Structure formats: structure tokens, C-alpha cells
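**Q** Now for the letters of each chain:
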Amino acid sequence: MLLLIPLLPFAGFLINATLGRRLAKSISGGIACLAIIAAFVVSLLAVLDLRGAAGVHALRQVVFTWLPSGDLQIPFELYLDPLSSLMILVITGIGSLIHIYSTGYMHDEPDSEYARYFSYLNLFASFMLVLVLGANMPVMFIGWEGVGLCSYLLIGFWFTKKSAADAGKKAFIVNRIGDFGFVLGMLLLFTTFTTLDFQQLAVAVSSHATEAGSWGVITIATMLLFLGATGKSAQIPLYVWLPDAMEGPTPVSALIHAATMVTAGVYMIGRNAVLFTHAPHTLAVVAGIGVATALMAGTIGLVQNDIKRVLAYSTVSQLGYMFLAMGVGAYAAGIFHLYTHAFFKALLFLGSGSVIHALSGEQDLRNMGGLKKYLPITYWTFLIGALAIAGVPLLSGFFSKDEILFRTFSGGHVLLWAIGIVTSLLTATYMFRLVFLAFHGERRHDAPAAPAHPEEEEPAAHGHGHAAPAAHGHGHGGGHGTPHEAPWSMAIPLILLAVGSVVAGYVGVPHALKGSNEIESFLAPSFEASRSVPSRTASAAGGAAFQTVAVQEARTEQPGAEPASHEPAADEATELTLMGISVGIAFAGIGLAWFFWQRNRPLTDSLARQFGGPYRLLLNKYYVDELYDAAIVQPIKLLSTGALWKGVDAGLIDGTVNGVGALVRVGSTRLRRLQTGSIRTYAASLFLGVALILGWYLWL
Amino acid sequence: MDVIAFYVFGAIAIAASLGVVGQRNPMHSVMLLISSFGALAGLYVILDAPFTAVTQIIIYAGAIMVLFLFVVMLLNVPREEPAPASLAGMLGPRAIKAAAVLSVVMGAELLYAVLSIAQSFFSAGHAGSVSSVANIGQALFTKHAFAFEVTSILILVSMVGAVVLAQKEHR
Amino acid sequence: MVPLNYFLVLSAVLFAIGTAGVFLRRNLITVLLSVEIMLNAVNLTFVAVGRYLGTVDGQIIVFFVMTVAAAEAAVGLALVISLFRHRETLSPDAFTALKW
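Protein chains in written order, with my numbering: chain A, 38 to 737; chain B, 85 to 255; chain C, 661 to 760.
Calculated directly from the structure, the hints in this document are not laboratory data.
Incorrect hints may appear among the rest.
Derived contacts from chain B toward chain A, CB cut-off under 10 Å, selection only [to be verified]:
no.: 1; residue: D132
no.: 2; residue: L186
no.: 3; residue: V189
no.: 4; residue: L194
no.: 5; residue: Y196
no.: 6; residue: A197
no.: 7; residue: S200
no.: 8; residue: L249
no.: 9; residue: Q251
Facing chain C, a subset of chain A residues (Cβ under 7 Å, in silico) [to be verified]:
no.: 10; residue: Q712
no.: 11; residue: G714
no.: 12; residue: S715
no.: 13; residue: R717
no.: 14; residue: A720
no.: 15; residue: A721
no.: 16; residue: F724
no.: 17; residue: L725
Treat the numbers as computed from the prediction; the structure is a model and nothing was measured.
The beta-carbon is built from N, C-alpha and C at its ideal position, and this holds for glycine as well.
Excised from the complex, chain A in its bound form:
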């Protein structure tokens, strides 16, 4: 049954990929949505099954033995435990809403493009599900690579536009660099522990001592895995692809770059929690990079002028929070934030999509304003999402973000907590800047028309972001006519996600507020090593193949793991205090945004001009892309062109081949002079031969 979950969207992909171009839009879109909704239903059933069976802690399904090769026995196995149940529900649930939204958003595309879009979207969902359901690292890696591929396909969906094609390539290549780390980590783990099954690895590692003071194998392996995570989840140093990925259609940004793919890195760390717990150095690096990324992205997001870029940097920043959580050992808190973030970030992206759709492709914030009265549904849902991400109490973001900050502080990492708090302020500020600029006030047309303004380096000027390809076009350019509210196919998902953004957090109400923090206790078994691991060579012969195996639980207590479900009473006071601080910060941020962008815009603009240097630095994303280009891309290009192409290929290889030919030619020119035409010479050479042969036989 577990196999159905990724298989249904894969079937949708196959149908749309092969037959799609001949199907009407309603059919191809309908098939895709049906596939993912069906996957959601099956996921729900599977999770209920898991919850219902008493004492059972995970479901396994071996589909077939994939790589039987001596010591390396890798079955294609799926594994459902609390962690992956949460993930599949998020992926299929939010995925379904986004599929439905896309039917409205992509409606103006031609039939074949529409079908292609949905086939890619289904394929993505299928791979993501394989990733989270994988019972061992290679299966997860299939999903890992697959979502990278789909990300490339979807970002570069309008591939006739150069910036989109480039963005797709950039995403894929940067991801690959991370994947390289992932593979090395995987190999290192295999050579050390001769298994790649997650549960077996956990058991094997838990018998090792924690590598507290030293850089042992586990530390190096987890560092490498984390490198893969930075690529997939857009952390420093491999985050540069995510802002560019906004070239893709907005629902793609919502699904892939907010709710699901970028969370793969966080999930991977959660899945390997036992490994990471045994490598404190890596955890320190994870937390440090997480919080640094959060801060950096927050500062950049503050000044961006493209609505989607702001949200992109916001995603990077929130992912930083999740990694911070993982880094301080609060795995459940990180996953909790992943779950709530999926709701409100998807909501924010889809809302921005609705805005862009209403304005016929305008994406520059400076050309927006006053949309509140034209797009009421969009406005109210967007506002809910913004409040959630800012951490306003009673909404989901508050509970999850607060949990992370509390755990950071109580783990003793006060500096990290402080940076986290500052980032919270930034989050609230930039998000409400977005709200005020886009929805409040009067409609403006402030963005410069020509792209060659020296101060503005981002491509906001061609605000017809998604209207450029020939096949797609609204009748009128931005700015004319009244913006129209989203059709119901787009509005309903917005409403549902808004509801989710409000209520989703209530599964994690902390004890300090008299809640029972169910999500933490729900997820706790996933982060510990369980003793009852089935034997290695689970072969898939015959009928046993499709039976899911229930794994009885017999948990071992981890010496180093954070105590999952109880907090001493003394901490409750600290928690309440911290909560108070973060609430205050949230409102302060909203207030700042209101002050600078709602009330006193001319002051803001003059400040920007006055502090031109720092402003430009932030606007140009700290010039990181340029740095990478100069330090890495150009040298590689030079090396490839100069050394490898001219030197090795043209010189060495061609030279060798041509050289052989030249050698033969020169040799034969010399040799043919033997044919002198003179009979006597021929006779002479005959006797030379005779003399030599005679000599050979006589003296040798």
C-alpha cells in the first residue's frame, strides 16, 4: 500500500507526458489533480493504519531487491513512521491544493504546455514522496536527485526565456554540488557501517561513543550529508539558486521552493537524527550556518523590490530557522516549523501569484499598491499568512518559531538565540513591508521603466515576469484596467491554506501554555534508534513483496538525545518570558514596517539614498553571485577552454590520432623508395635476404 503513494502521481506523470498534448486542459489538469488527491487519501489511510495498530511503530514495504551485490544489499524499501507520515501528508495535502490552484493559474497556456506542466508537477510529487518514504539512503537519493531534476524542469518551464533557462541550469548545477557531498557521505557511511538502511545505521551508530571532542568518521560523514542539505535546502554557501528559481511559475515556487523540496535537507537531518546527535561538531556547524543564513537572507529580503524575491529570501531565512532547530538537537521543533511553514509560505506564494495574475504579470512592488479593495480574498488570506510568519500569537508560526527559539536558549546557545530574535524582527518587518507596499495605499508606478538604472541591479524592471514567452499573454500590460480577483480554482486553495496557517500550529502547543505538545511526542520515536530492526536481506520474492511489515517497537534510550516529552517546571517561566519577548519583537517589526513603508515613504526613500552603499550591498545580495562567478565559474571556464579543450582535446587527443596518420604517411614515403625499379637491386635484395636467413640458421 505504501507503494501506491508515490506510484499514483507517477502514473499521472506518465499519462500526461505521453498523451497530454492531445488532451483538453480540463482532462490533463484533472488527471494530475486526481492523482495527487488520491495519493493524499492513500497517505491518510496509511497514517491512520499506523496510528491505529497498537504498539506498532513503523510500517515497512520492500518492493524489490534493487542492488544485490555482495555486502551491498539494497532493497527498494519504503518506510512509514511518524516523521515520514507527517511529511507525506504535507506533500500530498499541500500539493493537492497547489495542483488545484495551478489549474487556474496556468489556464492561459496552450494545451501541450499545460499538460507538460502538470506532468512535471506530478513527477515532482512522486519523487518527493520516494524521498521521504525511502527506508535507506539510496532510495532517498533517488528521490533527492529526482526532485532536483524536476526543479530544473519546472524552474526552466518557460525555457524560451533565457533567464528562466539559466535559472534552471543554475539550480540544477548548484544542487549537484551538494549532491556530491551527499554521495560522499553516503559512501563513507557505507564503508564504515556496511549498511545504508536508516534504522540499521541508527542502531549501529548508537553503539559508538559520541564524537564530542574529535573529528571522527561520523562527523565527517554527517558534514558531507549536510553539504548536500545546504544545496537542496538553500543554505550558505549553496543558496544562490533559490532566488533565481523565482523565474518559474508561481505555483512551482509555492510547492517546490516553499513547502516541499527545500525541506528535503531538513528532513534528511531529521531522518538521520541519531547520526547527527553523535556528531556535535556537525550540529554546531548546522546551527551556525542555519542562523547565519537566516540573518543574511532576512537582511537581503528587506530591500528587494520583486514580490517573489522577497518571499524567496524569506524561505531561505525560515529554512535557516529549521536548521538552527536541528543544530541544537530540537529535531521535533525543526520539523514542526517545517510543517507550519509549508502552510503559510505556500499561502504567501500563492497569494502573490494571485496578485501577479490580477496585475497581468506585474511583479515589482513599486508598481503595486491599493490592491486591498480589488482583491479582498487574496488580501485577507495573505494577511493571515503574513501574521503567521511574523509569529503573532494564536497563529501557527508563533508556536513553531517560538519552540525553536526556546530550545535554542535553553540549550545554552544564547548568541544563536539573539541572532534568531533579530531575524524574527527582520521577518516581521520585511513581510509587512510587502503587505503595506502591495495592498495598502494607492496604486503606484514607481519602478523605473528602463532596466539600466545603475542602482537597481535586479531584473525587476521587466516586470512582465511570467508573461514574456510567446505562448502566454494577457490581453493588456500592467497598469491598465482594474485588477480582477482570482478565480475560484485559485481562491479556494488560498482560503484552505489560510485556515491551515491558523490551526496547524495547535498540535504543538507547549506545556508552558498548558498544552501537551503532541507533535513532539508524536515525532519522538522517529529520532531514536529502535532495536527491532528486520534482517538485512529482506528479499521481495512472491507474494510477500507487497505486504507491509509492521515493526514492533522496542526503543532504546539515547544517552545524548534531548529528553523529548517533559520539560521541568522551572523552564516554564523562562519559556513564558521568551515567548513574551518574541511576541513583542513580532509586533515591533510590524510597527516598524508600518512606520517606514506605510506612513513615511518619502523618508524611507531618502534614507535609502543616504545610506546608498549599504543599501546597494543588500539590494545586490551582498554580491555573492558575482563572487562565485569570479572565483569559481570563470576559472572553471578558463580551465575548460584553455587547458582541457585546447590542450587535451585538440592537442593531445587529436594530435595523437593525427600523429599516427602523419607517422604512417612519413614512414611510407621513406619506405617506398625501396622500389627502385632496377632489376639488379631487386636481385641484390633477394640475396641479402638469403644471406641473412642462412646466417640465422647457422649461428643462432
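Use these hints to put chains B and C onto chain A, whose structure you have.
**A** Positioned in the frame of chain A, the structure of chains B and C alone reads:
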């Protein structure tokens, strides 16, 4: 007795051959070769091979050499130009000089080979009755019958070839 | 009894003389004559060794060699004749068409 005959005939053979190779007049060369063949026939007699000796005279000296003689007279082959004075000039192009050296080397090799054959390998010799004509005939027509027949075809082929090659050109 | 070696030495010498003649002479007919000398030297070897081995096979071979020599002489001379008709000279150096 035999040994003296051997030396005599041997000397004649070598001298005649040297003459053939050294003579400039082709007619003289042919004549000298005939005498060489005669000496060889004598050597065959010493070797208890009378049939071969006679065959040698009849075929070689009698037929082949006469053929050569006819051709020489037919073509009115002139005296060869005198060889250039120096040895180098006589030998001609470089390759030929080298080969001349080699023929000496080859001769030396042959001598060496021949001289190193153990004498005791051969029996003292059988009676001449082994080589009677009857015996030769018997061996020829039984053991080597196939080769005999093939040789006849060979002669036929060469006859035809000679006729064809030596034709005057038509037209 | 004449020792075998004597015959073999004689034959070797004759062979060498014939070889020298083949490429020292600048007259095609004489070249053919030198070839005949070589053949005869070989004949002598065959008969001598056959005699000392006590078989008649040596003489059989000689029989065939003579036949072949005759055939070869005939064809060779026919060639010489046609070559002479073509070039009016009998020097081997004149016929260099088999060049590269």
C-alpha cells in the same frame, strides 16, 4: 684415382664458371658454360650416377645451351661495354655493391655450413647398382609418378608461354 | 672414395659464383646463364648427398630440376627476346618501369 678425377673436373667447372661470369662476349660465355656442364657430367660419373651424367649432357649441354646459343645469335647480342675501370664503377649502384659483399658472405656461410657436417653421418657408399637406370625408372614412375605427370604439364605451359611471349607484335 | 665434403664445397663455390654473376653482369642473357650455374650447383649437391645416403632419390630430384630449368630457360629467353624488341638493349638497368 677418383680423387684426382674429382680435382680435375672440379677445377674445370670452377674455371669455366668464372669465365662465364667474367667474360664480356656472350658467345664465349655460352661456350664456357657448356664446358662447365661437361665437367659436371664427369663429376656425376664419379658419383656413380651415370644416368644423370648422360641426362646432363643431353638436356643441359645439348638442348638448353643450344637454345641460348640460338637466342644469342638471333639477337646479335653485342659485346658488353667494358666495365668501368674502378671496382666501384663496375659494381654499379650502391645497393649492388652491398649485395656483392653479401654474396661473398653467403658463400662463406655455405662453406661453413658444409664443412661442419659430420663426416660420419654418411655411409661409405653403396655399390653403383643402386643407381641403375632400372632403379631410377622404377622410382620415377611409382613413387614420384604424380610429380612426373605435373612436370609434363609444366613443360606444356612453358612451351605455350615461350611462343606467346616471343611473338612478333601484330599490327 | 671422395669424401662428401669435397663435393659440397665445390657446389657451394659454384653457387656463389652464380650468385655473383646474377647481379654483376649487365647483360640479361648472361644473367640467365648465371642462374643456370646456380641450378647446376644445386644438382651436384643433390646427387652427392643422394649417393652418400644410398638412395636414388637425389637423382630423381635432379631429373625434375633439369626439367624445370629447361622450362624456365625457354620462357626466360622468350621474355628477353620480347624485351629486346621493345628497347633494343639488353642491359637490366634499362628496364626500370617497376618503380615507385
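**Q** Closer than 10 Å between Cβ atoms is the bar; does L186(B) clear it against chain A? Give me holds or violated.
**A** holds (5 Å)
**Q** Does Q251(B) pass the interface check with chain A, least Cβ-Cβ distance below 10 Å?
**A** Given a least distance of 23 Å, the restraint on Q251(B) is violated.
**Q** Regarding the hint that D132(B) lies at the interface with chain A, is the smallest CB-CB distance below 10 Å?
**A** D132(B) check fails; min Cβ-Cβ to chain A is 30 Å, beyond 10 Å.
**Q** Is the interface hint satisfied for A720(A)? The criterion is a beta-carbon contact with chain C at less than 7 Å.
**A** For A720(A), the interface hint holds, since the closest Cβ of chain C sits about 5 Å away, which is under 7 Å.
**Q** When the nearest CB of chain C is found for F724(A), is that gap smaller than 7 Å?
**A** holds (6 Å)
**Q** Hold the hint about G714(A) up to the distance rule: shortest CB distance to chain C must be less than 7 Å.
**A** holds (3 Å)
**Q** Holds or violated: the hint that L725(A) contacts chain C, with Cβ atoms closer than 7 Å.
**A** violated (11 Å)
**Q** Take the shortest C-beta to C-beta distance between S200(B) and chain A; is it under 10 Å?
**A** Result: holds, 8 Å to nearest chain A Cβ.
**Q** Close enough to count: is the Cβ of Q712(A) nearer than 7 Å to one in chain C?
**A** holds (4 Å)
**Q** Tell me if the interface restraint on A197(B) is satisfied: Cβ within less than 10 Å of some Cβ in chain A.
**A** Since the shortest Cβ distance to chain A is 6 Å, the answer is holds.
**Q** Holds or violated: is there a CB of chain A closer than 10 Å to the CB of L194(B)?
**A** holds (7 Å)
**Q** Measuring from the C-beta of R717(A) to each C-beta in chain C, is the shortest one below 7 Å?
**A** holds (5 Å)
Hints 1, 8, 9, 17 from the list above are not met by this structure, while the remaining hints are.
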